[in-house]
Amino acid sequence: MYHFVKKWVGQPRWAAECRLPRIQLKGLKDKPSPRGPQGLAVGQATQAHGQVSSSFEPVTGLGWSADLNSESFWRMGSRAIRLHQWPKNALVVLPLFLAHRWSDGWAWAHAVMGFFSFSLCASAIYLMNDFRDRNVDRLHAQKRHRPQASGQLKPREALGLGLICLGSSLAAAVGLARSFGWVLIAYCTINVAYSMGLKRMAILDVLILAGLYALRVFAGSCALQIPVSAWLLAFSLFFFLSLALVKRFAELQASFRDHSPQPGRGYHLADRSFIAQMGASSGYLSVLVLALYIHSPEVQVLYGQPDLLWGVCLLLVYWLSRVWLLAHRGLIDQDPVNFALRDLPSYLVGGLIAALMLWAALP
Numbered sequence: 000m001y002h003f004v005k006k007w008v009g010q011p012r013w014a015a016e017c018r019l020p021r022i023q024l025k026g027l028k029d030k031p032s033p034r035g036p037q038g039l040a041v042g043q044a045t046q047a048h049g050q051v052s053s054s055f056e057p058v059t060g061l062g063w064s065a066d067l068n069s070e071s072f073w074r075m076g077s078r079a080i081r082l083h084q085w086p087k088n089a090l091v092v093l094p095l096f097l098a099h100r101w102s103d104g105w106a107w108a109h110a111v112m113g114f115f116s117f118s119l120c121a122s123a124i125y126l127m128n129d130f131r132d133r134n135v136d137r138l139h140a141q142k143r144h145r146p147q148a149s150g151q152l153k154p155r156e157a158l159g160l161g162l163i164c165l166g167s168s169l170a171a172a173v174g175l176a177r178s179f180g181w182v183l184i185a186y187c188t189i190n191v192a193y194s195m196g197l198k199r200m201a202i203l204d205v206l207i208l209a210g211l212y213a214l215r216v217f218a219g220s221c222a223l224q225i226p227v228s229a230w231l232l233a234f235s236l237f238f239f240l241s242l243a244l245v246k247r248f249a250e251l252q253a254s255f256r257d258h259s260p261q262p263g264r265g266y267h268l269a270d271r272s273f274i275a276q277m278g279a280s281s282g283y284l285s286v287l288v289l290a291l292y293i294h295s296p297e298v299q300v301l302y303g304q305p306d307l308l309w310g311v312c313l314l315l316v317y318w319l320s321r322v323w324l325l326a327h328r329g330l331i332d333q334d335p336v337n338f339a340l341r342d343l344p345s346y347l348v349g350g351l352i353a354a355l356m357l358w359a360a361l362p
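For reference, each letter of the sequence shown is one residue, going 0 to 362 in numbering that gives the first Met the number 0.
Since the hints were derived computationally from the structure, they do not count as laboratory data.
There may be inaccurate statements among the hints.
In silico EDC-like links for lysine to aspartate or glutamate, alpha-carbon gap of 20 Å or less [stated by the list, open to error]:
no., residue 1, residue 2
1, LYS198, ASP132
2, LYS153, ASP136
3, LYS142, ASP103
4, LYS153, ASP132
5, LYS142, ASP257
As the structure is a prediction and not an experimental result, all values here were calculated from the model.
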């Protein structure tokens, strides 16, 4: 079994980075090793003449690359699986909060398993997408630094890491409802189609991205066996469509600023104005859906003081407007979710929204 794994996955990086002392005898040449230039045997010396110095050289020929200046395997692995993207999958837990089942231990356990299952599945897909796009990513100003595009992570290593993520995702989903598994399969299928060519189709690509966000919410409802609200799905589609368009707009802004091309995408620099208008409109439509939801019969059952939810609408209008304003100024990177995770006002807005919803839920 060890030899099979070694053949197809390769030697771990930690083993390849082991250093063996090599004795150098000044003034003399080492005899070639009978085991070849990639062998580990130290060349034989006839005599010890002059000063003896020792140095450490990386072991090569073990399957995986080794470089003194490369970042650690675990840090590079976390970049390869996009660990910084995992907070997006917290949407799986959203139905638990909106159903007010905060004290349900069974629901929390299933929500956590669903979160890790979805996150690991998404990481496996990221590895596959980066493998397919590595040549195109090398032409991109930022994406060329990704582990696979830069050559830091070899294809065999990416394959092994992807299989580990996929297997762990399936293991975490074993205890969840069967419907969650079907949603996971749908998520993988859509992502494969997106990677195979749909991402190059303008407008359709952002609609797919918004649908994948909404699919996370639906996956959470399946894992928790909580009926999903049509209001929540409608809000999610419009809200995350706005964020997907922010991402495309930021990419075009960066290309315009750096005079760099946008390989592999279906947009032109002249589309920036249209994308901004469409994105802002979609964001405000999500707030309109929330405003209509406040007067629905469902709210009267879940919230004792539903009028407080109007404050949530105002906070969302402020946050969306600020995001688009900063995007126009070129102050947002290519992913608005990553921006929000580093932005203090976004945390304050999120905290106020949570406080208002808890207050509104009180009798």
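To see whether the hints hold, each was checked on the structure:
no.: 1; hint: LYS198 x ASP132; result: holds (11 Å)
no.: 2; hint: LYS153 x ASP136; result: holds (15 Å)
no.: 3; hint: LYS142 x ASP103; result: violated (42 Å)
no.: 4; hint: LYS153 x ASP132; result: holds (14 Å)
no.: 5; hint: LYS142 x ASP257; result: holds (14 Å)
This entry does not satisfy hint 3, going by the numbered hints stated previously; all others are met.
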